[in-house]
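> As a plain string of letters, each chain reads:
There are 2 protein chains.
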Amino acid sequence: MSTKQKRFFLTEEEIPTQWYNIQADMVNKPMPPINPATKEPLKPEDMYDLFAEELCKQELNQENAWIDIPEEVRDMYKYYRSTPLVRAYGLEKALDTPAHIYFKNESVSPVGSHKLNSALPQAYYCKKQGITNVTTETGAGQWGTALSYAAKVFGLEAAVYQVKISYNQKPYRRAIMQTYGAQVTPSPSMSTRAGKDILTREPNNQGSLGTAISEAIELAKNTPNCRYAAGSVLSHVTLHQTIIGLEAEKQMEKAGEYPDIVIGCFGGGSNFGGISFPFMRHNILHGKNTRFIAAEPASCPKLTHGVFQYDFADVAGFTPLLPMFTLGHNFMPANIHAGGLRFHGAGVIVSQLLKDKMMEGMDINQLESFEASLLFSKAEGIIPAPESGHAIAAAIREAKACKESGEEKVILFNLSGHGLIDMAAYDQYLSGSLHDYEVSEEEIRNNLEKMEKYI
Amino acid sequence: MSTKQKRFFLTEEEIPTQWYNIQADMVNKPMPPINPATKEPLKPEDMYDLFAEELCKQELNQENAWIDIPEEVRDMYKYYRSTPLVRAYGLEKALDTPAHIYFKNESVSPVGSHKLNSALPQAYYCKKQGITNVTTETGAGQWGTALSYAAKVFGLEAAVYQVKISYNQKPYRRAIMQTYGAQVTPSPSMSTRAGKDILTREPNNQGSLGTAISEAIELAKNTPNCRYAAGSVLSHVTLHQTIIGLEAEKQMEKAGEYPDIVIGCFGGGSNFGGISFPFMRHNILHGKNTRFIAAEPASCPKLTHGVFQYDFADVAGFTPLLPMFTLGHNFMPANIHAGGLRFHGAGVIVSQLLKDKMMEGMDINQLESFEASLLFSKAEGIIPAPESGHAIAAAIREAKACKESGEEKVILFNLSGHGLIDMAAYDQYLSGSLHDYEVSEEEIRNNLEKMEKYI
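Residue numbers (this note's numbering), protein chains in the order written: chain A, 12 to 466; chain B, 12 to 466.
Because the hints were derived from the structure by calculation, they are not lab data.
Check before you lean on any hint, since a few could be wrong.
Only pairs whose alpha carbons sit at most 27 angstroms apart, straight line, appear in this in silico BS3-like list of lysine-lysine [to be verified]: (1) B/K265 <-> A/K265; (2) B/K181 <-> A/K389; (3) B/K139 <-> A/K389; (4) B/K420 <-> B/K366; (5) B/K265 <-> A/K261; (6) B/K389 <-> A/K181; (7) B/K139 <-> A/K104; (8) B/K15 <-> A/K265.
Covered stretches of chain B, as calculated for chain A (at least 3 residues, CB under 8 angstroms) [to be verified]: (9) 88–96; (10) 115–125; (11) 189–195; (12) 432–443.
Glycine is no exception: its CB is placed at the ideal position from the N, C-alpha and C atoms.
Chain A with its partners taken away, still in its complex shape (with noise of 0.2 angstroms):
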């Protein structure tokens, strides 16, 4: 046990007070979301349906490196930032490491994950444009539940889409989003036309996040000051989510040290690219040397086993077309319990970055990603999200790589979220009844190959 300091906070003042665009300072600069309809690059005023006017800005902008946070979002993050910088002795003890081993916990935000982060911004941009609803799409709940509560924050109504079976067998999620005063409805549902069109063909349809989505799109573009927000993927969610990182280079430096690696769990990007962007910055600037890893789950591997190309970011192929590392939006990811990480695509910049190999992507069990959560409770005491389970096993890939060559590197990782919503997983892997997903390299091969090539 040590007396030295456990946790590194930031004062209110200390908070940053601007987000980091690394699109502008990034050498290869991602290529052109594209319009599908007319095949040519995409400009802001062809998404102001879809999203508030200041996000579909952010979105393609590659030359302001530095974004104002405005006053009312900096107002709303000092209700739970900074999150805390924690260095985690208690794993390094039980790995028995020289590796020092720290997390950035947004486990602590009221809505216990990173989610809230992009949510407020989103729900302001929204407000002060005049928009009066929000809607949006969730699987297992954890954007929904960000969501919700921003909108009530900025006064707007909050529809959310939840896949129907979901819905049903996770009510805690759906209580949560209500108690914050969202309407939550199982999809499909009979309020759209996606959802009808599925519910006349087929009664019990229990629903998918591709549904959902669609769902969500239908009622944005239909209805009169109601706008879409999305949970990850896109560029301006990952901009908001550099407040992490951002803290995090402040609370390194109060802690006397610099990541040699930096790791995130990846579903779309977003808390990858929040964690890791502000660092890699001086990996860009100013010639430092750290590794950024951003762990997938091995049963959706789109970084390690998919291909660069331009694809749709959800099912029905209503979105704009990606340049982005992907399995193919008709891909099917195991059920496993870290929902959050099962998407298809990675975002553009990231597919960039990677291609670049700027980062790299390691595929991790769900086996593994729960092994290590136990391991890392017990030590720490927090009870990770299954996705942030995955960034966990990575860190412990590379401390225990540290033991083996007797290095004492620096590694941060990201914790996305807790776990308390998602007991019934690690009932599951307790009891011995959690088994991994394979996904062989043929099967992806083939996959790709039904895809067209849009472009």
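Fit chain B to the supplied structure of chain A, relying on the hints for placement.
Here is chain B on its own, set in the frame of chain A:
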């Protein structure tokens, strides 16, 4: 929206290094616990087979106002302490009150409540004495969770008897305890004579807290190197919880204010005493006039409707006789969701203080507590435990009184835990299926008349 400071923290160096033992400063000391066999005042050694020796000494210590917190415990406190003192600007705005409302956010503890503040020292003192096993009972599971984690930290084995109906109906908390490595047994069980006796008579018995306590105590007494650990009621538990109020005192100083009213919800008294006693010290010693309000459920109103007499702390009558405000140890509280407040009596310190009018009780109905929790969730983002909802309801009553009178009082309450594992209760409230449980004056008198006068 305000740009003023929202949250107040202490540096790790500023975290208090001693607990506050109000017994030493009380004008009228608590009357002694009585050994029911001998009818003599209890001595520390009478309890050595039940609790770690250091805890037995703390229990009866009326000499020392300040007790050093062992360095090993302080090291572990750093994992989550200081907890934030939060200015509830959102709640103030929602109530349009001139009152300044602050809350101490104990929900950020890794186990989700203040219970860890005492679980850690209890496990530590056991370890130090060479004890290898600890045991306790738990209903919904807040205390069992805290002890499971604390035992893991100090390398002890933990056995938790969980009331069978909760074990089956609330698998999330059971899974949390198991994740920390505890053995969780549904009570009644075949592992004790108390359990066997019941199951032999009634195989489908669903258990009660009283039975689970009996099983845990029996296991502790019959197992070499095993001790029982108490989650509330006892004076040494409240002593450990004073870390809450001692931190809050320093944090209020940073906020430049001093509370006119301090509020805690009330089950056995440990969280109420924890936040109150360090401030009450200044009423006793320095002429301050702060009001202290213990918010208890209207369905279990020992402070507002009970009598002061010697009574047992458990249903079966295994414990020493305690001088307490009680509804009778055979009182069966209604099945409200605030399970932690379903206790028939008050600890000996609080009972003496109430008798001496140093504090007051306030009874809150279940529906009022959930209405308060919902308002708080929307205004501050944090979903409170049903227990904490009682403190919030009391704070709201006082804040509304300030609006009436125009007074700018400073109100401080303890947010003892979050409600993320209790969303089923919120679900019921939102769907209109929750109701109040009244308990009549007559019912209470009848129950008390059935009890013997033990002393």
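> Please work out if B/K139 and A/K389 have their alpha carbons no farther apart than 27 angstroms.
Since the Cα atoms of B/K139 and A/K389 sit roughly 20 angstroms apart, the hinted pair holds (cutoff 27 angstroms).
> Just to be careful, I want the Cα atoms of B/K265 and A/K265 compared with a cutoff of 27 angstroms; is the pair within it?
holds, 22 angstroms
> Taking 8 angstroms as the Cβ threshold, is the statement that the stretch 115–125 of chain B is covered by chain A upheld or broken by the three-residue rule?
holds (count 4)
> Count the residues of the stretch 88–96 of chain B whose Cβ falls closer than 8 angstroms to any Cβ of chain A, and tell me whether that reaches three.
holds (count 3)
> CA of B/K420 to CA of B/K366, is that 27 angstroms or under?
The hint holds at about 26 angstroms.
> At a Cβ distance under 8 angstroms, does chain A reach at least three residues of the stretch 189–195 of chain B?
This one holds; 4 residues, not fewer than the three required, reach chain A with a Cβ under 8 angstroms.
> Closer than 8 angstroms Cβ to Cβ for three or more residues is the test here. Does the stretch 432–443 of chain B pass it with chain A?
holds (count 6)
> Run the distance test for B/K265 versus A/K261: straight-line Cα separation, threshold 27 angstroms.
holds, 23 angstroms
> Compare the distance between the alpha carbons of B/K139 and A/K104 with 27 angstroms, and conclude whether the hinted pair is satisfied.
holds, 20 angstroms
> For B/K181 and A/K389, compute the direct alpha-carbon distance and say whether it is at most 27 angstroms.
Distance of about 21 angstroms is within 27 angstroms: holds.
> Sort out whether A/K181 lies within 27 angstroms of B/K389, counting only the CA atoms.
Since the Cα atoms of B/K389 and A/K181 sit roughly 21 angstroms apart, the hinted pair holds (cutoff 27 angstroms).
> Starting from B/K15, check that the Cα of A/K265 is at most 27 angstroms away, please.
holds, 24 angstroms
The structure is consistent with each of the numbered hints, conforming to all of them.
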